[in-house]
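Produce the complete structure using the sequences and hints provided.
2 protein chains.
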Amino acid sequence: MEKPNALYAQSGGVTAVINASASGVIEAARLHADKIGTVYAARNGIIGALTEDLIDTSFESSADIKALRHTPSGAFGSCRHKLGSLEKDRPQYERLIEVFSAHNIKYFFYNGGGDSQDTAYKVSQFSKTLGYPITCIGIPKTIDNDLPFTDNSPGFGSVAKYVAVSIREAAMDLAAMALTSTKVFVLEVMGRHAGWIAAASGLACEKEGDAPHIILFPEIPFAPEAFLKRVQECVQRFGYCAIVVSEGLKNQDGTFLSESGLVDAFGHKQLGGVAPLIAKLTKEKLGYKYHYAISDYLQRSARHIASKTDVDQAYALGKAAVEFALAGKNAVMPIIVRQPGKTYQWKIGEAPLEKVANIEVNLPRDYISTDGFSITQKARAYLSPLIEGEDYPPYKNGLPQYVTLRNVAVEKKSEAVFEV
Amino acid sequence: MEKPNALYAQSGGVTAVINASASGVIEAARLHADKIGTVYAARNGIIGALTEDLIDTSFESSADIKALRHTPSGAFGSCRHKLGSLEKDRPQYERLIEVFSAHNIKYFFYNGGGDSQDTAYKVSQFSKTLGYPITCIGIPKTIDNDLPFTDNSPGFGSVAKYVAVSIREAAMDLAAMALTSTKVFVLEVMGRHAGWIAAASGLACEKEGDAPHIILFPEIPFAPEAFLKRVQECVQRFGYCAIVVSEGLKNQDGTFLSESGLVDAFGHKQLGGVAPLIAKLTKEKLGYKYHYAISDYLQRSARHIASKTDVDQAYALGKAAVEFALAGKNAVMPIIVRQPGKTYQWKIGEAPLEKVANIEVNLPRDYISTDGFSITQKARAYLSPLIEGEDYPPYKNGLPQYVTLRNVAVEKKSEAVFEV
Chain A
0 MEKPNALYAQ
10 SGGVTAVINA
20 SASGVIEAAR
30 LHADKIGTVY
40 AARNGIIGAL
50 TEDLIDTSFE
60 SSADIKALRH
70 TPSGAFGSCR
80 HKLGSLEKDR
90 PQYERLIEVF
100 SAHNIKYFFY
110 NGGGDSQDTA
120 YKVSQFSKTL
130 GYPITCIGIP
140 KTIDNDLPFT
150 DNSPGFGSVA
160 KYVAVSIREA
170 AMDLAAMALT
180 STKVFVLEVM
190 GRHAGWIAAA
200 SGLACEKEGD
210 APHIILFPEI
220 PFAPEAFLKR
230 VQECVQRFGY
240 CAIVVSEGLK
250 NQDGTFLSES
260 GLVDAFGHKQ
270 LGGVAPLIAK
280 LTKEKLGYKY
290 HYAISDYLQR
300 SARHIASKTD
310 VDQAYALGKA
320 AVEFALAGKN
330 AVMPIIVRQP
340 GKTYQWKIGE
350 APLEKVANIE
360 VNLPRDYIST
370 DGFSITQKAR
380 AYLSPLIEGE
390 DYPPYKNGLP
400 QYVTLRNVAV
410 EKKSEAVFEV
Chain B
0 MEKPNALYAQ
10 SGGVTAVINA
20 SASGVIEAAR
30 LHADKIGTVY
40 AARNGIIGAL
50 TEDLIDTSFE
60 SSADIKALRH
70 TPSGAFGSCR
80 HKLGSLEKDR
90 PQYERLIEVF
100 SAHNIKYFFY
110 NGGGDSQDTA
120 YKVSQFSKTL
130 GYPITCIGIP
140 KTIDNDLPFT
150 DNSPGFGSVA
160 KYVAVSIREA
170 AMDLAAMALT
180 STKVFVLEVM
190 GRHAGWIAAA
200 SGLACEKEGD
210 APHIILFPEI
220 PFAPEAFLKR
230 VQECVQRFGY
240 CAIVVSEGLK
250 NQDGTFLSES
260 GLVDAFGHKQ
270 LGGVAPLIAK
280 LTKEKLGYKY
290 HYAISDYLQR
300 SARHIASKTD
310 VDQAYALGKA
320 AVEFALAGKN
330 AVMPIIVRQP
340 GKTYQWKIGE
350 APLEKVANIE
360 VNLPRDYIST
370 DGFSITQKAR
380 AYLSPLIEGE
390 DYPPYKNGLP
400 QYVTLRNVAV
410 EKKSEAVFEV
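So the protein lines, in turn, are chains A and B.
Using numbering that gives the first Met the number 0, read the first sequence as starting at 0 and increasing by one per residue.
Using numbering that gives the first Met the number 0, read the second sequence as starting at 0 and increasing by one per residue.
Accuracy of the hints is not assured; some may be wrong.
Which copy is meant is left open, so a pair is good if it fits within one copy or across any two.
[What the hints assert, rightly or not] Here are the simulated DSS-like pairs of lysine-lysine, each with C-alpha atoms no more than 27 Å apart in a straight line:
| id | residue 1 | residue 2 |
| --- | --- | --- |
| 1 | K284 | K2 |
| 2 | K282 | K346 |
| 3 | K341 | K395 |
| 4 | K307 | K395 |
The set of hints was computed from the structure by calculation and includes no laboratory data.
Written out as C-alpha cells, the structure reads:
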C-alpha cells in the first residue's frame, strides 16, 4: 500500500514565525519517512488546496527547510478565504476531499487562527461521512493572540517584542528632543478587536516615567478629556509623552476612531490611521508638537527582532502536529501549556478543534489599569515571558538572509477546474 | 595651572549612534586625564551651554560610558536651536564664551550637522578675538547624510539598514497575502530634502523582482501616470508591489505631496504623511487593496538593528575629536575617508569647520535609475558597506538594555541668568 501523504497549508495574515511551524512540520515528517510519504504544501493557503495548486516540499533541501525557522511571512503563500458552514460551502468541502483523495493525502495540517481550526474540524468530520477519513491537525497561529486553550498564539510574542522595543527606542529619541521640539509621540499598533498587542507595548515601562506613558486600548472607549489631561500631566512631569494606540480604538458610541474623523480641521472624515488623529488632537488642544509612526506590516514581519520563545514555540507546535497525527490523534490542535512556577516553563498540550473556533479570548479587564491607560502587574506577568530571548537570522551584506523556497508545483490529477 | 576642561554637546535630531560618539569622546578624554580635566556635557545641547546647565560626566561609571555605545538617542539631551551669524546672535556667542570661561572649558566638542559645525567654527574664531581661545572640534552626525568631505554621516548607516531590512520583511508579508488581499504596500521614510534614506531601501533589492519595486525620491518630481503604470506592471508581473516613498516627495510644481492633498476624496488637504496619499492613489486608480507604514522616529532610534559600521565610525569619530584637540588642531571635524579598493576600508581624516557648513551633499542623479524609480549600481556600491555588520545591544527580560546616565548637574558659576 502506498504511504499516505500530508498536506500543509498556511492561513490568514502571516507572521514572523509561521514558517517556523512549517519547518517543524516538514522536519518532523522527514524523520518519519516510513509513515508519511510526501509533504505537500498548498500554494496560497486553502485556495491552493481547492484549486489543486500544490507544492511538493520534497524538492526543498534540508538547509532550506531549516532556514524557514528564521524566515518571516508565509513561504508557500497564504490567503484570506474562509470556508463557511457545511451547508453553505458544501461544494468546497467536497472539493477538498476530492483533491486530498487524488493525491493520497491522509494528513491535513492547517496552520491558522480560529476560523481555520473550524475548517479543519469540519473537514475531519465530513471526510468520514464520505468514506475517505482524513487526519486533521490544527496548528495555532495569529498575532491577535485570541485563540483559546493555548497559553498564547505563535506570532503574537514577536509582535509583542517588536512594539515594546520600538516604543522604548522612539521614546528615548523623543526624550532627547522634547525641550525645543517634539513633545508627543504616538505609535499605532495592530489589534482591531483586542488590545493584546497594545498591552504588550506596556512591557517597555519597567519603572515610573518609562514609556509608554499612555496606552489606548480597543477595550476602553476613548475619553478625549481624560486622555488630554493625562498627556498634559506627562509633559509637565517628564517633559514629553509617549503614546501607543491600538488601531481598534473606539469612540464612546462603539465606532472606530479611525473612521470617525475626530479632529479633522475641516470636519471631514480622516481616512488614515488613528495615530494621526490622536497626535493632532494633542496639538489642537494642548499645542504640543507631535510625531507619529504607523508600524503596520513592519510589526508582524519583523523577524529580525523576533522573540526566541515565540520561534521555539511555533516550531514545537509544528513538530507536535506531526507527532499527534502519527499517534493516531485527529481533530485536535497542539497548544502551549504554561507550567506553574516562578520561571516561565511550557509544554505541549492539546485542544479539540471542535471547541477552538467557538471561543475568542479577549484581553481581560484586569490586565488593564483602573484608569484605562496602562497594564497591570497581572498583564506583565503573563506577557513578559512571551518576548523573552532573541533569535537573530543570519546576515549577509548587512541584510537578513531569508530563504525563498523552490515551490515546485505538483502535477494536477483532477480533471475538474475549481473556481474559488 | 588648573587642567583645562572640555564641553561636549549633542545637536539637532538624535540618531541610533550619536551616543557612540559621546562614548568615544569621554573614553578618550579619560585616557588623557593628565591633559583634560573634567568632561562636561551640555544638557539639551547648545541650550545647556547658553543657560549654564552643565552635566559633570565624571560621575558616570566606566560601564555606563561604555554602554552609551549601544544606547540610541542623545544621552544628555539635544535641541533644535541654531545660532545665526555673529552680527545677529552676538550675545549668544558672548554668553558661550562666558560660560566656557567660568568653567575653564578650553575644549568644545560639538556633535551635529552642518549648522552645528558652523557654530563651532564661529565660536573658535570669536573666542580668539575675546582673548579666551577655545579649541573647537566638530563631530559629524546626521541621518540625512548631507555633510560634505566625510564618506558618510554617522546615524545614516543605521537608518539605511533599518529601512532596507524593514522593506524586505514587509514585502515578504505582502507577497504571501497578495493573491486574495493586499497588493500594494507603501513604506514612508525620512529625508525631507534628499533621498539618501529612500535610496538605501534599494539595497534590499538584490535581484529581479525583489522589493522595493518602486522608490519615490524627493529628487524626482512625482509623475502619477508613470508611477501608476509601474505599479500595475509590478502587480501583473510579481503579484504585488512594494513601494518606498520619501517624506520629501514633491509634485511637479515643487510643492510637497504631503501638503498637497492629491487624492483626498473631498478635495481637501490631507494633513498626514505621504504614504497614505500614495497608497490611496493606487486604490483609487487601480483598485488595489493597500497597506502602508510610517516609520518616523522608529527608523532613526532603532539601535536594535544598527549598522556595526555606523556604530564603529561614530565611536571612532568621537575618539578622534579628542585626539585632534590634544594634537593642537582647531576648527576641524574628523571625517570618514573611504579607501580605494574592492572591500570597504576607511580611516579617519579631517575637514575644516569653516567649509563644512557651506556645502550640502545631495543624492547624485546618477545614483538614481533613468526611470527615477530605483537605484543604480553606483549607489549600491556606495551604500552597501554602510549597513554592513550587526552590533546588537544586550537584552534583559526580552528588552534591549539602554543606559540612562545620572546626569549630575554642575553648580552654576555665572551670576547672569541667560534666557534663550
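Hint check:
no.: 1; hint: K284 to K2; verdict: neither (69 Å within a copy, 51 Å between copies)
no.: 2; hint: K282 to K346; verdict: neither (49 Å within a copy, 45 Å between copies)
no.: 3; hint: K341 to K395; verdict: between (39 Å within a copy, 17 Å between copies)
no.: 4; hint: K307 to K395; verdict: both (21 Å within a copy, 13 Å between copies)
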